[in-house]
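There are 2 protein chains.
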Amino acid sequence: MAQGTIGNSEFDRDTALTRREPGTPGTSAVFDADLSAGWTIGHAVNGGYLLALLGRALGGTLRHPDPFTITAHYLSASAPGPAVIRTEQIRASRSLSTGQATLLQVDEHGAEVERIRVLATYGELDALPEDVRTTAKPPAVPPHERCLSSKDGDPATAPEIAGRLDIRLDPATAGWAIGAPGGQGEMRGWFGLADGRDPDPLALLLAVDALPPAAFELGVTGWVPTIELTAHIRSRPAPGPLRVSLSTRNLAGGYLEEDAEVWDSQDRLVAQSRQLARVMRTF
Amino acid sequence: MAQGTIGNSEFDRDTALTRREPGTPGTSAVFDADLSAGWTIGHAVNGGYLLALLGRALGGTLRHPDPFTITAHYLSASAPGPAVIRTEQIRASRSLSTGQATLLQVDEHGAEVERIRVLATYGELDALPEDVRTTAKPPAVPPHERCLSSKDGDPATAPEIAGRLDIRLDPATAGWAIGAPGGQGEMRGWFGLADGRDPDPLALLLAVDALPPAAFELGVTGWVPTIELTAHIRSRPAPGPLRVSLSTRNLAGGYLEEDAEVWDSQDRLVAQSRQLARVMRTF
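First to last, the protein sequences are chains W and V. Under UniProt numbering, the first residue of the first sequence is numbered 1, with each subsequent residue one higher. Under UniProt numbering, the first residue of the second sequence is numbered 1, with each subsequent residue one higher.
If you are wondering where the hints come from, they were derived from the structure by calculation, not from laboratory data. Any given hint could be a false lead.
[Unchecked claim] Which bits of chain V does chain W cover? Going by a derived footprint, with three or more residues having C-beta under 8 Å, they are:
id, region
1, 67-80
2, 90-99
3, 227-234
None of these values were measured; they are calculated from a predicted model. Beta carbons are placed, not taken as given, at the ideal position from N, Cα and C, and that holds for glycine.
All chains, please: the whole structure from these sequences, using the hints.
Next up, the structure:
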C-alpha cells in the first residue's frame, strides 16, 4: 500500500467532492459525492466517515475552514454509491461561521431520501492563541505491539472498514471480543489510517466514531446506531498516531451516551465528542 | 409568590408561544414569542431559557413530544422582546422525529436577524423501557442550608434571572465568588424554580445552562458566551429539586467545553449536556 499523505490518501480520495456550478458563492453549495464501500461495517456506512464527508463540504462552503463544533443527526442508513450534499451558510462573523448541510441519496424506489442533517460552527484553528490549561490527562494505552490489532482478525470476516484503518485496542478494554466484557463501559486504543496518512481536523471527525462502541464492554452486542453525534475539534493534530478514549456512563431506557476524547502525539487533547446511540440488543 | 405548577408558573408563562395559522400541520409551524426580561444576566437573555423556548416550539411541531437530543448554535445575542420561531419537521419514524428550529428578532435597524439555530431529535420519554445501568454517581451536594444561595446576594446587583431561580451552590465549588477560584473547573449545586414549579423535560433544558460557568473556578471571569450547546434528556424528572454538576476539563485556545449532569430527587441521571464556549477574559 502506498504511503498516504494529507491530500493524497485513501481517506482523501474517498471523501472527494465535486462541486456543482454555479451555486451561490458564500451562501450555499451543492456537491456530488460517492460513498465508498470501503468504509462499511456490514451494510452500514461508518458514521465518522460520513461526518468527515459532510465536514469537508462545509469547509468548502463557509467563510472559515475548520470545524469547531459539528452535530450530525443520522436520519436513515446511508448506502455505498452516489450521494448529494447540500450546504448553506447561516451566519458568518469575523472569527466564526455557522452552516448546515444535508446528505441525500436516491432510494430503491427512486425517491430522494435525506440520510443526515448537520449543523456546525467553523473557525480557523491556526488563528487560535496557544494557551492550554487542560486538567484532562491522556489515556494510558499500551504500546502498539501489546494491543489487539484489527489486523489480527480473520480478513474473511472483518468489516470492510478494517482495511482502511489501523486500530489497536488496549487489551484491558477488549474483553468483549472474547465474550468477557469488562463491565466498565470504557474503550481505549490507537487510531491511524491504514495507509499512514497523518491526521488533520477531518480525520478527527472519523476518529471519534471509528472504534468499537464502548458499550460492548457493558455487554451490549450488535449494532448500536448513532442518533446524534457532536464533535468539538479543539486543535490541529500533530503528525503521528492518535489515542482515542471512549466511555459510556449512562445506559438507560434503551439509549446510551458515548463520549470520545482524541489525543495527538504531542499529548494535546485535539477532539472531544459525545453521541446518543440506541441499544438494539444487550447481554 | 404563588406556588408554581407544571403548566401554571413563571417559567410556563415566560415560554408561552402563540402559533400562527394556518402553517403546514406535521411539517412546519411559525410561533410568536415574547422573550422575558426576567431571564437576563446583564443584557443577555439566558441561553437555557432560550433553549427551553425553542424546545417547546419543536414539541408543538414534531410527531413526538420530548427532546431526546437537542443542539443549539447561538448566532447573535437575543434581546428581551418579541421573537419569531420557525420550526420544520425533517423526518419522523415510529419512535423518533427530527426537526430544526430558528429564533428570529428584528434588530435596531429593522432587519430580521437570526439569533439561534436548533437541530433536535424528539421521542416519547414515557414510552421508554425502565432499564437503568448507570455507572455515573450523583454529585454530593451539601443540604440547602449549608449552600450558597443566590438569595444571599444583594438584590440590587443580582441579575434579573436570580429572581426566577432557586440555585444553591456547594461552597466547595464557589471559591470564585470571593475571589479565590478553586482551580478544579467544577461547579455543583441545587437547581429549582423560584416559584417551586417541579421540573419537566423543558425545565431540564434550562437547568443545564443556569448555574455560573464551571470555568469561574478556573479563574475565568466575565461573560463566557455559548457557541453551541447539546443536551440529552434521558428521563422525565421526578418532582423535587434537581442536583446539577458542571465540569470543564479543557480550556485551550480561547475556548472551553462545559459538561453538565442533572440528577433528579430519585437519584436518576435525567439530563447530560456539553457546550462549547468562548473565553473573553481570564485571571
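Consistency of the hints with the structure:
Only residues whose beta carbon comes within less than 8 Å of a beta carbon in chain W count, and the region 67-80 of chain V has 6; three or more means the coverage holds. By the rule of at least three residues with a Cβ nearer than 8 Å to a Cβ of chain W, the coverage given for the region 90-99 of chain V holds, with 4 such residues. Judged by the Cβ-Cβ criterion of 8 Å, the region 227-234 of chain V is covered by chain W as claimed, because 5 of its residues qualify and three suffice.
The structure fails none of the hints (numbered hints given earlier).
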